[in-house]
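Participant: One-letter residues, chain by chain:
Protein chains: 2
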Amino acid sequence: MNNFTFYNPVKILFGKGQIAALATEVPADARVLMAYGGGSIKKNGVYEQVLDALKNHKVVEFGGIEPNPRYETLMHAVELSKQEQVDYILAVGGGSVIDGVKFIAAAIPFEGGDPWKICSEKAPVTKAIPFGAVLTLPATGSEMNSGSVITREETKQKLSFGSPLTFPKFSILDPETTFSLPLRQLSNGIVDAFTHVLEQYLTYPVNAPLQDRLAESILITLKEEGPKALQNPTDYDTAANIMWCATMALNGVIRVGVPTDWATHMIGHELTALHGIDHARTLAIVLPSLLRYKRDTKKEKLLQYGERVWGVTEGSEEERIETTVQATVNFFESLDIRTRLKDYEVNQSTIKEIVRRFEERGVKNLGERADIQVADVEQILRMSL
Amino acid sequence: MNNFTFYNPVKILFGKGQIAALATEVPADARVLMAYGGGSIKKNGVYEQVLDALKNHKVVEFGGIEPNPRYETLMHAVELSKQEQVDYILAVGGGSVIDGVKFIAAAIPFEGGDPWKICSEKAPVTKAIPFGAVLTLPATGSEMNSGSVITREETKQKLSFGSPLTFPKFSILDPETTFSLPLRQLSNGIVDAFTHVLEQYLTYPVNAPLQDRLAESILITLKEEGPKALQNPTDYDTAANIMWCATMALNGVIRVGVPTDWATHMIGHELTALHGIDHARTLAIVLPSLLRYKRDTKKEKLLQYGERVWGVTEGSEEERIETTVQATVNFFESLDIRTRLKDYEVNQSTIKEIVRRFEERGVKNLGERADIQVADVEQILRMSL
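Listed in order, the protein sequences are those of chains A and B.
Going by numbering that gives the first Met the number 0, the final residue of the first sequence carries number 384, and the count climbs one at a time with no gaps.
Going by numbering that gives the first Met the number 0, the final residue of the second sequence carries number 384, and the count climbs one at a time with no gaps.
By construction, these hints were calculated from the structure, which means they are not laboratory data.
Any given hint could be a false lead.
Any copy, or any two copies together, can satisfy a pair, since identical chains are not distinguished.
Claimed, not checked - In the DSS-like style, the derived pairs of lysine-lysine whose C-alpha atoms are separated by at most 27 Å in a straight line are:
id, residue 1, residue 2
1, LYS227, LYS298
2, LYS227, LYS15
3, LYS121, LYS363
4, LYS10, LYS41
5, LYS126, LYS10
Work out the full structure: start from the sequences and follow the hints.
Facilitator: Quick look at the structure:
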């Protein structure tokens with residue numbers, strides 16, 4: 000097992016009716032920016048529940064944070080927050096709203112010039128406004144970690160940042176808020192969470208059997224519960240199980256002491272930045288090719304994954320690996336997530352553009368062995384055509 | 000799944016060489032009480048490593064915290080801390096030292112009279128001195144939770160308390176510190192952790208498949224790694240896996256959203272208080288009888304546990320449950336932990352005394368269904384004779 004540090008101070012309030020706890024979780028004297036997305040919370044009752052819980056608080060609203068939250072939009076929230084002397088933020092929505100709020104929280108007190116430097120130059124976050132979250136879409140895990148991914152529309156960049164200061168103080172996870180999600184978003188969330196686990200699991204063995212089994216526990220549960228959720232999105236227990244799996248997938252518990260491979264995310268972000276393809280779908284496009292391309296260096300874990308998650312025990316090692324990757328593809332496709340670039344009308348020219356951008360940014364040494372270079376990225380994307 | 004709150008802000012620093020991090024984890028201007036146990040840390044090099052890391056700190060030492068830490072001893076540490084104006088505590092040792100430090104931390108600023116009231120009357124902890132831990136014995140999980148169990152020698156009481164203020168600020172887990180543990184303590188630790196998991200798992204199903212699998216992940220890993228650790232206590236990876244399992248067993252992750260049954264602990268504490276039997280051994284005595292006595296109400300989970308952890312699939316339900324409980328007993332015995340009261344020269348008269356004490360204290364409604372009364376405790380203990 001590798002050495003590690005684990006720290007996650009996010010308080011989770013999980014279950015039916017927990018939104019009412021906002022009344023006490025948000026400090027009584029706070030001046031709150033309530034940040035949300037495209038307005039779905041106004042259709043499903045969450046908006047009213049939140050305002051009701053905060054009826055004795057001073058609340059300023061900021062709606063319109065888009066999927067893949069944009070720097071340009073978020074800076075309006077920063078401006079509004081300063082005007083209104085906001086000292087607490089509440090994110091109400093999915094991972095994009097929460098990621099966006101992390102940026103707003105760090106940008107308000109940022110003293111180093113343009114807050115975009117937090118993403119582009121990894122400028123250190125030394126202060127941040129405290130914030131909490133009401134999660135309405137199980138997917139990214141942002142509700143229980145300190146990471147954030149922000150898109151700059153002007154330059155079509157999608158970049159990440161994180162800081163110990165950008166953990167939510169609390170996150171409320173009420174599975175009932177997901178009952179009205181479009182199936183497309185539910186599918187995306189399941190694939191996103193599933194891929195998060197694989198990126199922390201399909202590397203090389205370091206004799207960490209507990210971490211392996213914890214990862215497999217989430218994978219098997221998503222495999223079982225995912226199709227049920229699509230069939231019956233208002234079944235409470237199924238929704239609860241999906242929601243908790245997505246949070247556990249990226250709260251750090253399965254990552255400790257093991258190598259990780261975030262190449263799929265890094266490559267996928269480019270497809271979103273250039274073509275606006277849903278984040279989860281970019282992962283479903285990239286991951287199978289990456290696994291096939293790296294099947295030798297990931298062999299032991301691919302075989303273990305195949306056996307324990309998909310029951311693949313027959314055939315040569317090469318055959319078992321291919322059966323396992325195909326089982327993963329079939330799972331994604333069964334959730335109505337297409338896994339080929341051509342399904343999204345993306346072709347060779349995009350691959351060239353991604354290669355150009357990676358070269359320009361000096362991207363190199365991706366993957367758990369730091370052996371995925373730009374030429375490998377090109378190969379992987381070609382395999383996904 | 001049941002509603003739940005999860006909060007665990009303990010920072011974990013895991014691995015070889017991590018004790019050196021004390022230099023920065025303990026605030027530079029702190030006046031530190033370094034608390035430890037019977038002196039084993041002076042034989043295995045941990046004492047020197049800690050003092051070396053804290054060479055620029057003001058440190059006051061307090062040794063001699065015993066297994067099942069005693070109120071009487073801890074109050075001496077409270078007195079010393081006040082004299083020396085201690086404002087930070089470092090626990091160096093196993094669960095007993097860490098539990099003891101939690102009490103010291105809460106007792107120093109306690110304003111409600113005798114700090115024993117924190118245990119005996121559940122007097123609220125409104126202030127506590129911050130503290131960290133260097134763990135040297137994987138077992139109780141105290142390094143990553145806020146609970147503590149204190150024994151009052153005078154009255155032979157063993158009582159628990161906990162508060163959000165008694166989480167360690169950090170815990171350092173270096174598996175190498177366990178290399179020199181007596182096998183007896185290693186066995187105890189494995190059984191303690193294994194039982195902690197079972198007490199959060201062998202209840203009734205609430206459609207929480209992820210929590211079930213996370214619990215089973217720890218059980219299977221302890222089952223596999225435990226015997227290896229006894230055979231080769233200086234194998235780093237094995238020691239690391241045991242250590243991380245013990246922490247994960249009681250840091251709250253597997254408890255969320257599911258019922259729990261702490262009856263085994265409640266009854267076991269009495270055997271320690273009256274006869275000084277090692278804590279883990281009391282669990283190994285009580286648990287099998289409790290599972291047999293409650294086999295009907297725990298049926299679904301016992302069958303699942305048997306199948307997934309011990310591979311028990313043959314026979315009637317009744318037979319499979321008995322085979323499963325016996326497999327658990329065999330596992331404990333294989334670790335050289337005896338599971339009968341007679342192995343510890345305890346007889347009927349102790350059972351009577353425990354019944355008397357429970358009646359006196361008004362103990363009732365134990366177990367996940369609150370249906371274990373004193374008469375049931377008597378039956379369970381008789382089955383363990």
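Participant: So which of the earlier hints does this model not fit?
Facilitator: none
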